[in-house]
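**Student:** Chain by chain, the residues:
Protein chains: 2
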Amino acid sequence: MKACVLFSSGKDSSLAAILLEPFFDVELVTINFGIVPTYEFARQSASRLGFPHNVIMLHPSLIGEAAAMLVEDGFPGRAINYLHQSALEAVCSKPDTAIVADGTRRDDRVPMLSPAQVRSLEDRHNVKYIRPLSGYGRSAVDVLVDAHLQVVQGESDTVQKADYEVELRSFIRKQYNEGDSMVERLFPRHTQSRVTDRKHL
Amino acid sequence: MKACVLFSSGKDSSLAAILLEPFFDVELVTINFGIVPTYEFARQSASRLGFPHNVIMLHPSLIGEAAAMLVEDGFPGRAINYLHQSALEAVCSKPDTAIVADGTRRDDRVPMLSPAQVRSLEDRHNVKYIRPLSGYGRSAVDVLVDAHLQVVQGESDTVQKADYEVELRSFIRKQYNEGDSMVERLFPRHTQSRVTDRKHL
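Protein chains in written order, with our numbering: chain B, -13 to 187; chain F, -13 to 187.
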């Protein structure tokens, strides 16, 4: 049975795919909003992981709406959730999709669907939504990442991956006056990771 | 790396073990409180699944305390949580235990640790607590059970397995006047499953 895994080229979505691999036919799916062609990074990582990879293009207006939420809120939680829900809706809407997964973890706050949103997604699309890392804390994830993945890590601006933040940052830089300083203010500094290879045991 | 999976011989804990098998050295652990030798069923199921199996005996007084909670509350939630926490504490206390898992699912209410209880368990024992089915809803679990397990199902009284309820029921029947009718009243009727074999693909 095929399982579509939302894939950013980061370690969490890569590990989610690896956890499902013994039990499902995994296909990686990267969402892109037409602002930055980040799917190229995802394609490279997917190839190194050894999974088939597809890209779904969504309308740039979704990034515009998310940017407006972000500017209004002053922090990215609602905007990232909005883009993640749009991504899940898009993957669930693909024909013949029965299982959809992502790399969200036990201790993640964002992106995260509420239990009611999960039920709604599953019922409307007749899909099973699986979060393989939902029962894994940070140190358990670290053990598996260390065993299975080669990763490059760094500040958000230096590691290129296919996550929502890269396109959001780019959009805000271009569309808003003082976009550069807004990006600095709106996104908390944090470390990003991109998978560069798989360790075959 | 070894992972100890709390094992009742039911389909959820069996599936949790199967999900971890490609990534860890799985060892099944069944808890028994000395009231009913339910670990014999667990030993049979573990053998058919092909995993090593151990039994940890805990003091019968824990069942007595849980029974008192159950009688006071009128429903089994707090009592089952108490026994599950006692079981996790026991497994985490075994020497050289680094990873402990159980078969609790996304939609389970009981047994369930709070996020604070999970952090406390992991920090005090220096273990990683993994819930492999935490990101799986009922229909996703059903797909995997159907693919991997032979299961016998029936009412709680007819399917013999190694869960807390079997020993709690037996204790209450023996220790309380009108124990039979109390058991009828205190435990909601529900279907139990015991794994009888593994489907090798």
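Derived from the structure by calculation, the hints contain no laboratory data.
From the three backbone atoms N, C-alpha and C, an ideal C-beta is built for every residue, glycine too.
It is possible that part of the hints are untrue.
[Unchecked claim] Derived Cβ-Cβ restraints for the label pairs, each shown as a range: (1) B:Val57 with F:Arg110: 39 to 47 Å; (2) B:Pro46 with F:Ile42: 52 to 60 Å; (3) B:Asp166 with F:Met98: 27 to 35 Å; (4) B:Met98 with F:Ser167: 30 to 38 Å; (5) F:Met(-13) with B:Gln136: 47 to 55 Å; (6) F:Lys160 with B:Met98: 32 to 40 Å; (7) F:Gly50 with B:Thr144: 57 to 65 Å; (8) B:Ala54 with F:His176: 26 to 34 Å; (9) B:Ala54 with F:Ile42: 27 to 35 Å.
[Claimed, not checked] Pairs of lysine to aspartate or glutamate, DMTMM-like flavour, derived with a Cα cap of 25 Å: (10) B:Lys(-12) with F:Glu7; (11) F:Lys(-12) with B:Asp93; (12) F:Lys185 with B:Asp11; (13) B:Lys80 with B:Asp132; (14) B:Lys(-12) with F:Asp109; (15) F:Lys(-12) with B:Glu151; (16) F:Lys(-12) with F:Glu170; (17) F:Lys(-12) with B:Glu170.
**Student:** Determine for every hint whether it applies to the structure shown.
**Tutor:** Going down the list of hints, with the structure as the test:
1. B:Val57 with F:Arg110: 39 to 47 Å: The hinted range 39 to 47 Å holds for Val57 (chain B) and Arg110 (chain F), with Cβ atoms some 43 Å apart.
2. B:Pro46 with F:Ile42: 52 to 60 Å: holds, 57 Å
3. B:Asp166 with F:Met98: 27 to 35 Å: Distance hint for Asp166 (chain B), Met98 (chain F) is violated at roughly 46 Å.
4. B:Met98 with F:Ser167: 30 to 38 Å: violated, 45 Å
5. F:Met(-13) with B:Gln136: 47 to 55 Å: violated, 19 Å
6. F:Lys160 with B:Met98: 32 to 40 Å: Once the Cβ atoms are compared, 46 Å apart, the range 32 to 40 Å for Met98 (chain B) and Lys160 (chain F) is violated.
7. F:Gly50 with B:Thr144: 57 to 65 Å: holds, 60 Å
8. B:Ala54 with F:His176: 26 to 34 Å: violated, 48 Å
9. B:Ala54 with F:Ile42: 27 to 35 Å: violated, 56 Å
10. B:Lys(-12) with F:Glu7: holds, 20 Å
11. F:Lys(-12) with B:Asp93: It holds: about 23 Å lies between the C-alpha atoms, which stays within 25 Å.
12. F:Lys185 with B:Asp11: At roughly 18 Å apart (the allowed maximum being 25 Å), Asp11 (chain B) and Lys185 (chain F) satisfy the hint.
13. B:Lys80 with B:Asp132: Violated, at about 33 Å.
14. B:Lys(-12) with F:Asp109: This hinted pair is violated, its Cα atoms lying about 37 Å apart.
15. F:Lys(-12) with B:Glu151: violated, 37 Å
16. F:Lys(-12) with F:Glu170: With a Cα-Cα distance of about 40 Å, the restraint between Lys(-12) (chain F) and Glu170 (chain F) is violated, given a limit of 25 Å.
17. F:Lys(-12) with B:Glu170: violated, 43 Å
In terms of the numbered hints stated before, the structure departs from hints 3, 4, 5, 6, 8, 9, 13, 14, 15, 16 and 17, listed from lowest to highest.
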